[in-house]
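Asker: Read off the chains here:
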Amino acid sequence: MAIEFISGCKAAAEAARLANVDVVAAYPITPQTSIVEYLAKDVSNGRLKAEMVLAESEHSAMSACVGASMVGARAFTATASQGLALMHEVLFYAAGLRLPIVSVIVNRSLASPVSIFADFKDSLAQRDTGWLQFYVESCQEILDSVLIAYRVIEDSRVLLPAFVCMEGFVLSHLSEPVDVPDVQTVSKFLPACDPKYPTLDLKDPKIFNVMAFPDTYEEFERDKQISMLNAFEALQEAYQDFEKIFGRKYQDVETYRVEDADIVLATMGAAAGTAMMVVDQLRSLGERVGLVKVRTFRPFPRRQLREILSHARVVGVLDRDLSIGSTGILFQELQSSLYNQPQRPLMQNFIAGLGGRDIHQGTIGAIFQSLKDTLQKGFVEKNLNWPDENREVLSIWGLPVDHDD
Amino acid sequence: MTHPWYKSRPFSAWIPAGLSATHKVGDRKERPVVDEAACSMCGLCWIYCPEGIISRDARIQINYEYCRGCGICIEECPKHAISFEDER
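Each protein sequence line maps, in turn, to chains Z and L.
Here the first sequence is numbered in my numbering, starting from 1041 and rising by one per residue.
Here the second sequence is numbered in my numbering, starting from 6 and rising by one per residue.
In case anyone wonders, no lab produced these hints; they're calculated from the structure.
Check the hints yourself; a few may be wrong.
Under the rule of at most 30 Å between Cα atoms (straight-line distance), these lysine-lysine pairs were calculated in the DSSO-like manner [claimed, not checked]:
#1 Z:K1264 <-> Z:K1228
#2 Z:K1264 <-> Z:K1243
#3 L:K29 <-> Z:K1243
#4 L:K84 <-> L:K34
#5 Z:K1246 <-> L:K29
#6 Z:K1284 <-> Z:K1236
One chain only, chain L, in its complex shape (with noise of 0.2 Å):
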């Protein structure tokens, strides 16, 4: 870490607001995708989805950027149309 502010005395317990532009998400291991042909588009996920980046419009779409990969919309996906893929 070699930002100016974290070098500067003295330590005050601080940081700069807006990290979640650089820092969208935490450590995700894996990702979860949808199965098109498998999904019924029954909403589910997009209900259970804790971040509230699931969106069904003609399909299911999830926003990549802040999903954290917890892994609740494939728990909650009727059809197992969802699962986990590793990020790399």
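Just chain Z, with the same shape it has in the complex (with noise of 0.2 Å):
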């Protein structure tokens, strides 16, 4: 056990030798690119025993990661953006046939226009694949991550694929601090690769990805549903066996001073971090705020998030990401979660950090005020926020800023 400084890209790859993958299938992207880099090297060096593929698309990446899956390989890859989107079709495949791959995804927004910068759009469009979703807050979160969840997913009651998603440069070009464990008490926590599902396998022939009539169809899917649930339980164990052998403890849902919160602010991945120091400030004045962040997005913690928000009198939601003609994808989730409780509290959504821009204390106040106008008023004005607007280009191009979901 050591600690080095090192990046978020570089905390995914010695996250993935120390899971002792063996087949890595990767294509270039920014900001994933060193990722592959760094994996590449370890292959070659023999630091990591496993077949590098490097692919002609990433498309064909997943492909081979469902390939390796299949004869029972421990799977890895790494992309981002349009090479998430292009990945898309095979995503399917590889929760359909259960495989539990791992890919980390280095959020980066989505053309057009063309940008490399962060923002959640490029995994939450993919949230309806069947995979898994983690999103993480800091280096050292990345690095657990990825061991935990091919210790979850590979479980025989999940057995379905994960995304660990850090936001592009805020994460993967960050270097920070982090506790890089070693191989032998890695292995305590995550057993070598030993498939609990059918394999492709010479002696006992088998053939996958059959049709299935509209008769059986829907409890295929029902069957991913209840795998996908189940989760829960093995990420609590999971989380439980973390703490006891690497002294850190993760939770599907963080939670900072939200006991006696009236405003509490849920978002999701590195905002968190600035939030809680906003959160802090305003503790310091005497406003009862409190955060939470929602570290596992799939499954959705619908019944964790019920019981932390139940006292809650005003929820905001911070979403580095939009569903054009609806609203921020997080709040969708959260809204939908509560709506059945007998005490609901009022919602506002707040859109901010999309391609990149920074979400920094200042946007992050901004929304707590708002938060604290609401609950004076006692009913939301607007749905949907954009507390870090940019004022010169709205009114450039003569676009409406006072609008509303």
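Combine both chains into one complex, guided by the hints.
Answerer: Have a look at this one:
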């Protein structure tokens, strides 16, 4: 165990090495490229004994992972943005064939206009593919989450693939002190790959991916749904074991000073760190505010969020994404989770940080101010808010500053 | 269906290979039968059979393990020497 000063990309590559993956198949794309470069180096110098497949596209990279996983190998890939969009078709195969593949997503916006900077549009556009999704806040959490992901998805109760998502540049190119455990310690948490699913086997030949007719297709989907929900149980066990072995504690939903909070802000990813500072500042001024960070987005922790937010009076959702024509995606999920509660909080959606715009303390301060106004008024004036809008551009383009959902 | 593989979760869509060993033919209600007295051994049935399961050595023979009962041989026979018979 050693503290190393490494970037998010390096932490992801170190996690794949520690997980002792058998196959890495990938295609380079900014800002994911250095993950694959680090792994290629590890494979070439013998630090990692794995097959490195440099595919001609992300569609092929994911297909190679599917093939590798079907013979029972532990497969790893990483991608971002346009690359993830190109993988889209194969993602359903990986989930439907129940293959425990981990893919690190270095979140980046999608063209057009071209942007290489962070928002969650790429991975959230894949939310219905049947993959688990974890959103992380720090370089340490990237490393830990990849190990936790493998452990959970290889569990026979789950057997679905998983994304571990970090924001491009914000985390991928940020260097932080990261506790990199040794291989022996990791093997206590994550045993060697032992596939608990039907594999391609010359001695026991099988036909995969056969057709399901209308009398069974629905039940295949339902089986995936049940397995995805089973992941909560497997995750809890993994978090407990992880804490025992490594001393770091994780939760599907992480909370900060919410116990007596009237106003709660919910978000995902690295913005949670900044929001914690703002919560501390407001708390020192006597404001009863708190923060909720959704770490596990798929399966969506509906029950946990209902319990955590049962006493909140106003809930704001900071979305680094937008479902164009509707609202932020986390907002939709959270609002629908709370709808049947007898006492539900007022909810407001805040869109910020799209295309890599920094989510700074001022943005979060403005959000809390808006939530405080809502609490005083007792009703929501605007569902959809843009707390960090560029008024100059809006004015040049003649876009309305005041509009709602 | 009570195969062990069918009961085991999770349900990825797979089946054991080699089904043709146990399931040789689909739902065949009638089988084509050759009237050897009428047959001229021209071989058109052998050419047209989509399953390739008609052999012609000294006489025309149909492999009923794999014949799907499509009736193309009956249609093509110029001597009307092949006809359907009920399976039962």
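Asker: Looking at the structure, which of the earlier hints fail to hold?
Answerer: Every hint satisfied by this model.
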